[in-house]
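Student: Turn these sequences into a full structure, and let the hints steer you where they fit.
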Amino acid sequence: MSATTPVPRQQKSAAFEYLTTRKDEFVGWARKFSLFPYPFVTACCAMEFMSVSSTLYDTDRFGAALPRFTPRQSDLLMVVGTVSHKQAPILRKVYEQMCEPKWVIAFGVCATSGGFYQNYAALPGIDKIIPVDLYIPGCPPRPEMVIDGIMKLQDKIAGERHPIINQDF
Amino acid sequence: MGTGENLLERVQASLGAQALETGMAHGILVLQITAESLVPVAGRLKQEFGFDLFLDVTATDWPQRRPRFDVVYHFYSARDFVRVRLKTQVEETDPTVDTLVPLYGSARYMERECHEMYGIRFRGNDDLRPLLLYEGFVGHPLRKDYPKQREQPLVPYRDVKP
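In order, the protein sequence lines correspond to chains U and X.
For the first sequence, this note's numbering assigns the number 1 to the initial residue and increments by one for each residue that follows.
For the second sequence, this note's numbering assigns the number 1001 to the initial residue and increments by one for each residue that follows.
Treat the hints with care, since some could be wrong.
[Claimed, not checked] Straight-line alpha carbon distances no greater than 20 Å define the calculated EDC-like cross-link-like pairs of lysine to aspartate or glutamate that follow: (1) K1046(X) <-> E1009(X); (2) K1087(X) <-> D1159(X); (3) K1087(X) <-> D1127(X); (4) K1148(X) <-> D1127(X); (5) K1144(X) <-> D1098(X); (6) K1144(X) <-> E1092(X); (7) K93(U) <-> D75(U); (8) K128(U) <-> D1159(X); (9) K86(U) <-> E1135(X); (10) K86(U) <-> D1056(X); (11) K93(U) <-> D127(U); (12) K23(U) <-> E160(U); (13) K86(U) <-> E1151(X); (14) K128(U) <-> E1151(X); (15) K102(U) <-> E144(U); (16) K93(U) <-> D155(U); (17) K1087(X) <-> D1052(X); (18) K1087(X) <-> D1070(X); (19) K1046(X) <-> E1005(X); (20) K93(U) <-> E1092(X); (21) K93(U) <-> E1113(X).
Quick caveat, the hints were computed from the structure, so don't treat them as lab data.
Tutor: Right, here's the structure in full:
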């Protein structure tokens, strides 16, 4: 406790102290590993969704596992299964409740195009009412395909522009 | 098995006079009846012969035939494990039969479904709102002349850029 010994300033070392990067790359890197999916699950593809998100295939490895069961806390809408015309207003409302930035995956052939339901009841593809970023075909898709799809979506997010402040902000 | 077959024979002997045609199909007794005798026949099936479960009511569309529609009822006896089918023909211009709600309360929903899918009217059922379809749906989708590709979306479609 001597007044005469100065506290030594922290020594600058050769260690890694700062880096430079582009803002879009940095934000994209952060966002692609924090996907919070909202599972809009309506039909039999749900079984495959359970399989892909549980232990054996484990989408948690990609930072895309923790489902949020409110659209306000999620940024990835996974539409899993057939959507009927009667259900379309609900899907539209769920999509509108999600905050930006948000992405949409059409999981399975019914959400992609209606599949073999070409009739009075089924919506022929959710892209008729909401924009879709990624389509995963298959009836149901294999877990490998879903994982491939998630990785492709991550590539897409990483390559996107990420405006922090835009004119709407 | 034995009692069920006996029951169907008794039903056939007793109600055959009121039927236009009787027969067996896949172990089910089939009675072709007129629209007027539907409620009396169903009442006797329930009260005299113990057909206590109303399985379903649906319709069949024969576009080339006059009268165009069959209305088809199925009843089940939970005591004797046998089924009876009633069929009645109705015209396209007046597709009306009497309701079975006073006999079987479960008919209320099945008649609603049959009404929205085929346009059959059930006289006496006061609640024929759409059940599986939605308000504003035009037409009856299970009729043969409903176009397969016709869409009636509730949410307007987006303008998708090519």
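Student: Now, for every hint given, state plainly whether the structure supports it.
Tutor: Okay, the hints, checked on the actual structure:
A distance of roughly 16 Å separates the Cα atoms of K1046(X) and E1009(X); the hinted pair therefore holds under the 20 Å criterion. Between K1087(X) and D1159(X), the direct Cα distance comes to roughly 48 Å. Violation of the 20 Å bound is thereby established for this hinted pair. In summary, the hint linking K1087(X) to D1127(X) is not supported, as the alpha carbons are separated by about 23 Å, beyond the 20 Å threshold. Taking the CA atoms of K1148(X) and D1127(X), the gap is about 28 Å. The hint is violated against a cut of 20 Å.
Proposed proximity of K1144(X) and D1098(X) is contradicted: the alpha carbons are some 24 Å apart, above 20 Å. Proposed proximity of K1144(X) and E1092(X) is supported: the alpha carbons are some 13 Å apart, at most 20 Å. Restraint check: the Cα-Cα separation between K93(U) and D75(U) comes to about 14 Å, which is no more than 20 Å; the hinted pair holds. This hinted pair checks out: K128(U) and D1159(X) have alpha carbons roughly 8 Å apart, not beyond 20 Å.
Pair hint K86(U) plus E1135(X) holds up; C-alpha atoms about 10 Å apart against a cutoff of 20 Å. With a C-alpha separation of about 24 Å, the suggested pair K86(U) and D1056(X) falls outside the 20 Å cut-off, and the hint is violated. Restraint check for K93(U) and D127(U): satisfied, since their Cα atoms lie roughly 14 Å apart, inside the 20 Å limit. Among the hinted pairs, K23(U) with E160(U) is consistent with the structure: their alpha-carbon atoms are about 11 Å apart, no more than 20 Å.
Restraint check for K86(U) and E1151(X): the C-alpha separation of about 12 Å stays at or below 20 Å, so the hint holds. Among the hinted pairs, K128(U) with E1151(X) is consistent with the structure: their alpha-carbon atoms are about 12 Å apart, no more than 20 Å. A C-alpha spacing of about 23 Å is found between K102(U) and E144(U), which places the hinted pair above 20 Å, so the restraint is violated. A hinted pair counts as satisfied when its Cα atoms are at most 20 Å apart, and K93(U) with D155(U) does not qualify at roughly 27 Å.
Under the criterion of a C-alpha separation no larger than 20 Å, the hint pairing K1087(X) with D1052(X) is consistent with the structure, at around 18 Å. For the proposed pair K1087(X) and D1070(X), the alpha carbon gap of about 6 Å is at most 20 Å, so the pair holds. Restraint check for K1046(X) and E1005(X): the C-alpha separation of about 17 Å stays at or below 20 Å, so the hint holds. Among the hinted pairs, K93(U) with E1092(X) is inconsistent with the structure: their alpha-carbon atoms are about 40 Å apart, more than 20 Å.
The suggested pairing of K93(U) with E1113(X) is violated, with an alpha-carbon distance near 27 Å, which exceeds 20 Å.
Taken one by one, the earlier hints fail for this structure at numbers 2, 3, 4, 5, 10, 15, 16, 20, 21, listed in ascending order.
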